[in-house]
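Residues per chain are reported as follows:
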Amino acid sequence: MGPNKVNITLTRRRFIKSVIFSAAAASSGAGWYMASAASNPAGGVERLVSINVNGRVRRVDVLPQETLAHTLRYKLGLTGTKVACNRGECGACTVLIDDVNYYSCSTLTHNVKDRAVLTVEGLRAEDGTLHAVQAAFIQELSPACGFCTSGQVMSAVALLKANPKPTRQQAREAMSGNLCRCGAYDHYLNGVMRASGQLS
Amino acid sequence: MPSNDNMPEMSLYQPVQVEDAISLAGTLAERGWLVGGGQDTYGWIKDRAKRPEALIDLNGIESMRGISETADGIEIGALVTLTELANNALVKERYSLLSSAAGRVASPQIRNIGTLGGNVAQDVRCWYYRRGLNCYRAGGNLCYADTPEGQNREHALFGASRCVAVSPSDTAPALVALEAQMVIRNASGERVVAAEDFFIGPDVDIRHTTVLRAGDVLTAVRIPAKWANAEFYFEKVADRNVWDFALVSISAAMKVTNGTIEESRMVAGAVECTPRRLTSVEQAIQGRARNQETADAVASLASQGAKPLNYNHFKMPLMDNLVKRALTV
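Chains as they are written, first to last, in the numbering used here: chain A, 560 to 759; chain B, 389 to 717.
In isolation and in its complexed conformation, chain A is listed as follows:
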C-alpha cells in the first residue's frame, strides 16, 4: 500500500509511520532510518521526532541539520538557553543531556532523540523553589550582566551531579568551558562552592 492511499481516518502519527514503513520496506532492510519521501526525497532521518526536554516528551518537526539550541529556542520556546557565539566557543548555550553538559549550538537535535535534555527552565522545583545552584548564584551575586548565567548554571549543575563536593580547582576546571565577558568567574566559583555546601 502506498502512502497516497492512506485512509483519511488514520491519525497523523500512523500516517507518518506508514510512510516510513513503506520507505524502509523498499530499501531492502537498510539499517538507517529512512525519511518520509514527501519531506526529503534524498533520504535520511525522519523529521517528526520525540525529544525529552525537562522531563516532558515533546513532538517536534526537526530539520536534519537543526541544532538543539535552535529547537529549544525557536520551536519549544525555551529561550532560557542563550545563543551567543553559535560556534561552541563561549558556553552560553550549555544544556545537560543525560546529566552531562554540552553546547546545544553544536549538537544536532537528531542526536538527542533517546536522551533526556535538561535546560535551565527544568531546574526549578514544581513549587517554584530554585535549584541549589541558582539560589547560590543569587546569594553570591555571581552574574553581572547575566547573559552567560544560564550556561554557567548548567555547567555547575553537571559538575555537582558528577562530583557533589568539588575542590575550588576542580570547579574552576569544570566551569572552564563557559566564558563570562564581565569577568565574574570568581563570583561564579563562589556560587558553585556555596551550592556544594562548602561555603557558609
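Keep in mind the hints are simulated off the structure, nothing from the lab.
It cannot be assumed that every hint is accurate.
What the hints assert, rightly or not - Okay, the calculated beta carbon distance ranges per label pair:
| # | chain 1 | residue 1 | chain 2 | residue 2 | range |
| --- | --- | --- | --- | --- | --- |
| 1 | A | ASP673 | B | ASP460 | 32 to 42 angstroms |
| 2 | B | ARG601 | A | GLY756 | 33 to 43 angstroms |
| 3 | A | GLU680 | B | VAL644 | 53 to 63 angstroms |
Claimed, not checked - A few chain A residues that don't get close to chain B, going by computed Cβ distances all over 10 angstroms:
| # | residue |
| --- | --- |
| 4 | ALA703 |
| 5 | GLY742 |
| 6 | GLY756 |
No residue lacks a Cβ here, since even glycine has one placed at the ideal position from N, Cα and C.
The hints should help you fit chain B onto chain A, whose structure is shown.
Only chain B this time, still in chain A's reference frame:
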C-alpha cells in the same frame, strides 16, 4: 545573505551498523561528510565555507565505541569521546600520555562530545582557509598566510609546501609517540595504517591532512603494548588554557632502565602539517640519563632546520624548551 546562525539545508543519515556507514560513505563520496562529535564540522557548515549535501552521523554505531584490551595492547573505538579517554582507568594507567593529551583538548563541553576519530581527522585551523578563501588547500593557487602581511603566528616551522597550516590535534602527536595503528574500513575491506603514516603533509596531498579518502571510515585506534607504562611527558602551550589550539605541544614516551633512556619517541604538535617526530633528539638521548644535563645538551636539536615565517619564530625556542621539560620534569 544567509544567516550564519543556521545551518543550510542538507540530508542527515544515522546508520547504526558500521557496514551501512561504509556503504553510505562510498555512495555519497565527496557529497557526504562523516560526523563524530561534529565540533569541527558545524563551524565549516555554518560559515558556508564547506557545503556537503549530506551528513553521515556515526554516533549510532555501537561497535565504534568502547575501549578494550587486546592481545597486544588496547583498542579504542573511533567514537570514544575525549572525556572518556581522559578518564578511562586503563588508558590512564598504561598510556597516560594519551589521556593527558585528550584532557587538554578544547573545553570540557567539547571533550564531552568530541571523539578520538574526529580529533585526529579534523581539518587544519588556518583562519584564511577557515574563512573560505580560495587558498592552495581549498583548491586555489595562493597562500594568504605566507605573505608579507600574512598573520602566521600559529603556522608551520617545518614541511611547508605551498600551505603553511599546522596539525591542530592534541591527540595525534601522542598517538604517533605511542606507535598507534589506525584501523580504516571502506567498501573493499579493512586496512591498518601506522599513525605516523596516517597524517600527511601538503607535499603529499594538499587537500587532505590524513590518508582518509571519500568512502573511508576510521573505525578504531590500536595502541600496542610496547609503550605501556613507559615514562611519559605531555605539555601543550596555547594562548588560553581552554579552547585554544596548541602553539606547540610535546608528546614524549621514554623507556628508562637503570637511569638511562633506552628508547624514546618525541613528537611535537602544531609545528608542521603532521605531528613532527624529533628523531635527532630521540637519537641524541639514547643511552643518556633523563636529567638536566641531557636536556641542555640536546634541546636545541628540536628546532634545527626550522624555516620560520614572519611571526612564528617564537615557536623555535618554545619547541626546544618543551623538549627540555620533557627530559627534566
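Here is what the structure says about each hint:
Between ASP673 (chain A) and ASP460 (chain B), the C-beta spacing of about 36 angstroms keeps the proposed range 32 to 42 angstroms intact. Take ARG601 (chain B) and GLY756 (chain A): their Cβ atoms lie about 55 angstroms apart, and the range 33 to 43 angstroms is violated. At roughly 55 angstroms, the beta-carbon separation of GLU680 (chain A) and VAL644 (chain B) lies within the given 53 to 63 angstroms, and the hint holds. Listed as outside the interface, ALA703 (chain A) is consistent with that label: its C-beta sits roughly 20 angstroms from the nearest C-beta of chain B, beyond the 10 angstroms cut-off.
The beta carbon of GLY742 (chain A) sits about 14 angstroms from the closest Cβ of chain B, which is more than 10 angstroms, so the claim that it is off the interface holds. For GLY756 (chain A), the requirement that its beta carbon stay farther than 10 angstroms from each beta carbon of chain B is met, with the minimum near 22 angstroms.
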